[in-house]
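Numbering (our numbering), first residue to last: 6 to 345.
Bear in mind the hints are in silico, worked out from the structure with no lab data behind them.
A hint or two may mislead.
Unchecked claim - No more than 30 angstroms apart at the CA atoms, straight line, and that leaves these computed lysine-lysine pairs for DSSO-like:
no., residue 1, residue 2
1, Lys314, Lys342
2, Lys11, Lys184
3, Lys81, Lys206
4, Lys314, Lys343
5, Lys125, Lys342
6, Lys11, Lys125
7, Lys58, Lys81
8, Lys343, Lys81
9, Lys342, Lys325
10, Lys184, Lys81
11, Lys81, Lys314
12, Lys58, Lys184
13, Lys314, Lys332
14, Lys332, Lys343
15, Lys125, Lys332
16, Lys125, Lys314
17, Lys325, Lys314
18, Lys125, Lys343
19, Lys343, Lys325
20, Lys332, Lys342
21, Lys184, Lys343
22, Lys184, Lys202
23, Lys125, Lys184
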Amino acid sequence: MVIVMKPGVSQESIQALVAALERDHGVSVGVTNGVGCSILGLVGDTAHIDMDKLTMNDDVERVMRVQEPYKKANRKFHPEDTVVDVSGVPIGGRDHFTVIAGPCSVESEAQITGVARDVKAAGAALLRGGAFKPRTSPYSFQGMGADGLELLLEAKADTGLPIVSELMAPRYCQLFEEKVDLVQIGARNMQNFDLLKEAGKLSKPILLKRGLSNTYEEWIMSAEYIMASGNENVILCERGVRTFETYTRNTLDLSAIPAVRRMSHLPIVVDPSHAAGMYWMVEPLAMAAVAAGADGLMVEVHNDPPCAKCDGAQSLTPEKFRHLMGKLTPLVELMGKKLV
Numbered sequence: 006m007v008i009v010m011k012p013g014v015s016q017e018s019i020q021a022l023v024a025a026l027e028r029d030h031g032v033s034v035g036v037t038n039g040v041g042c043s044i045l046g047l048v049g050d051t052a053h054i055d056m057d058k059l060t061m062n063d064d065v066e067r068v069m070r071v072q073e074p075y076k077k078a079n080r081k082f083h084p085e086d087t088v089v090d091v092s093g094v095p096i097g098g099r100d101h102f103t104v105i106a107g108p109c110s111v112e113s114e115a116q117i118t119g120v121a122r123d124v125k126a127a128g129a130a131l132l133r134g135g136a137f138k139p140r141t142s143p144y145s146f147q148g149m150g151a152d153g154l155e156l157l158l159e160a161k162a163d164t165g166l167p168i169v170s171e172l173m174a175p176r177y178c179q180l181f182e183e184k185v186d187l188v189q190i191g192a193r194n195m196q197n198f199d200l201l202k203e204a205g206k207l208s209k210p211i212l213l214k215r216g217l218s219n220t221y222e223e224w225i226m227s228a229e230y231i232m233a234s235g236n237e238n239v240i241l242c243e244r245g246v247r248t249f250e251t252y253t254r255n256t257l258d259l260s261a262i263p264a265v266r267r268m269s270h271l272p273i274v275v276d277p278s279h280a281a282g283m284y285w286m287v288e289p290l291a292m293a294a295v296a297a298g299a300d301g302l303m304v305e306v307h308n309d310p311p312c313a314k315c316d317g318a319q320s321l322t323p324e325k326f327r328h329l330m331g332k333l334t335p336l337v338e339l340m341g342k343k344l345v
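Just need the whole structure built from these sequences, with the hints factored in.
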């Protein structure tokens, strides 16, 4: 249930109504102070609450029931876009566009530090790198683990770029809390609800990738798990879904950007690398994502893609990444945003 307060209502009156709702009806109430008015979002069993009585309150403009099962992530509860701060780098909002770049997996100190310098020089604001890798085959390279995180920290110390890496199991939560700036939950773990609950206890922002075959509502509900556990700094990432098409690795669903933006206030970034699976498709898909209104991109960049231990075929070289950024900048500005 959502209660829209009349413009100019004092915070004292709002808090008095909040206290009465929580006391009398056993619901929790979140308050969003927007431009001109405040909105109360009621979470819990609201079926027994009389809407007519609420509308009789002199301070209430209107009351609406929310049918969607997600509450905290729902734009009706939070009309303004959320901007998530990642160690000083903003993601989300109408004015910012943020690029995350780096290799699929950390392989060596020279590799990750070199790529970090290259992507920073080209305009990336955050460095991605996998230390723990979920792979289809148990015989494929699984990442360097904790040693990989240490190398990411060395690259961060060298360049100043905040780091993004994937969390795969609850037992690593404390490690990521200490070392990672933006914690990624991968597509295969989007509905690993125990992991989502633990991620919700972290103080670090969460980048939540859409599952391989999941609906928008399922995706947002996974974000709701994280937010319900206490961490409301969630960024959604569209990375392509599995369809009948076999030419590309996945099918990039650009319609997710305007659709989810209407459904939720959370920022949305796009990963064109995993969607295409081929480096030469990354640039046009990235440009399309900007035009569709994405808040940012996550692009795989490797210094030597043919020799990469993971996903070399979809990785851009530093030179190709610079070329992409050169084309992106005027398009981002045309969309009324600026690169962070």
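Against the structure, the hints come out as follows:
1. As the CA atoms of Lys314 and Lys342 are separated by approximately 35 angstroms, the hinted pair breaks the 30 angstroms bound.
2. Distance hint between Lys11 and Lys184 is unfulfilled; the C-alpha atoms sit about 45 angstroms from each other, more than 30 angstroms.
3. The suggested pairing of Lys81 with Lys206 holds, with an alpha-carbon distance near 25 angstroms, which does not exceed 30 angstroms.
4. For the suggested pair Lys314 and Lys343, the alpha carbons sit about 34 angstroms apart, so the restraint of at most 30 angstroms is broken.
5. Between Lys125 and Lys342 the alpha-carbon distance is near 19 angstroms, which keeps this suggested pair within the 30 angstroms criterion.
6. Annotation: proposed proximity of Lys11 to Lys125 is violated, straight-line Cα distance about 47 angstroms (limit 30 angstroms).
7. Distance hint between Lys58 and Lys81 is fulfilled; the C-alpha atoms sit about 21 angstroms from each other, no more than 30 angstroms.
8. Between the alpha carbons of Lys343 and Lys81 the distance comes to roughly 27 angstroms, so the proposed pair stays at or under 30 angstroms and holds.
9. Restraint check for Lys342 and Lys325: satisfied, since their Cα atoms lie roughly 23 angstroms apart, inside the 30 angstroms limit.
10. Annotation: proposed proximity of Lys184 to Lys81 is violated, straight-line Cα distance about 35 angstroms (limit 30 angstroms).
11. For the hint linking Lys81 to Lys314, the alpha-carbon distance of about 44 angstroms lies beyond 30 angstroms, and the restraint is violated.
12. With a C-alpha separation of about 51 angstroms, the suggested pairing of Lys58 with Lys184 is violated against the 30 angstroms cut-off.
13. In summary, the hint linking Lys314 to Lys332 is supported, as the alpha carbons are separated by about 29 angstroms, within the 30 angstroms threshold.
14. Proposed proximity of Lys332 and Lys343 is supported: the alpha carbons are some 13 angstroms apart, at most 30 angstroms.
15. Between Lys125 and Lys332 the CA atoms are separated by roughly 16 angstroms; this keeps the pair inside 30 angstroms, and the hint holds.
16. Proximity of Lys125 to Lys314 is assessed by CA-CA distance (about 22 angstroms); at most 30 angstroms being required, the pair is judged to hold.
17. Restraint check for Lys325 and Lys314: the C-alpha separation of about 19 angstroms stays at or below 30 angstroms, so the hint holds.
18. Distance restraint check for Lys125 and Lys343: the Cα-Cα separation of roughly 16 angstroms lies within the 30 angstroms cut-off, and the hinted pair is therefore satisfied.
19. Proposed proximity of Lys343 and Lys325 is supported: the alpha carbons are some 21 angstroms apart, at most 30 angstroms.
20. Annotation: proposed proximity of Lys332 to Lys342 holds, straight-line Cα distance about 14 angstroms (limit 30 angstroms).
21. The hinted pair formed by Lys184 and Lys343 meets the criterion: a straight-line CA distance of about 28 angstroms does not exceed 30 angstroms.
22. With a CA separation close to 19 angstroms, the supplied pair Lys184 and Lys202 stays within the 30 angstroms bound.
23. For the proposed pair Lys125 and Lys184, the alpha carbon gap of about 20 angstroms is at most 30 angstroms, so the pair holds.
Taken one by one, the earlier hints fail for this structure at numbers 1, 2, 4, 6, 10, 11 and 12, listed in ascending order.
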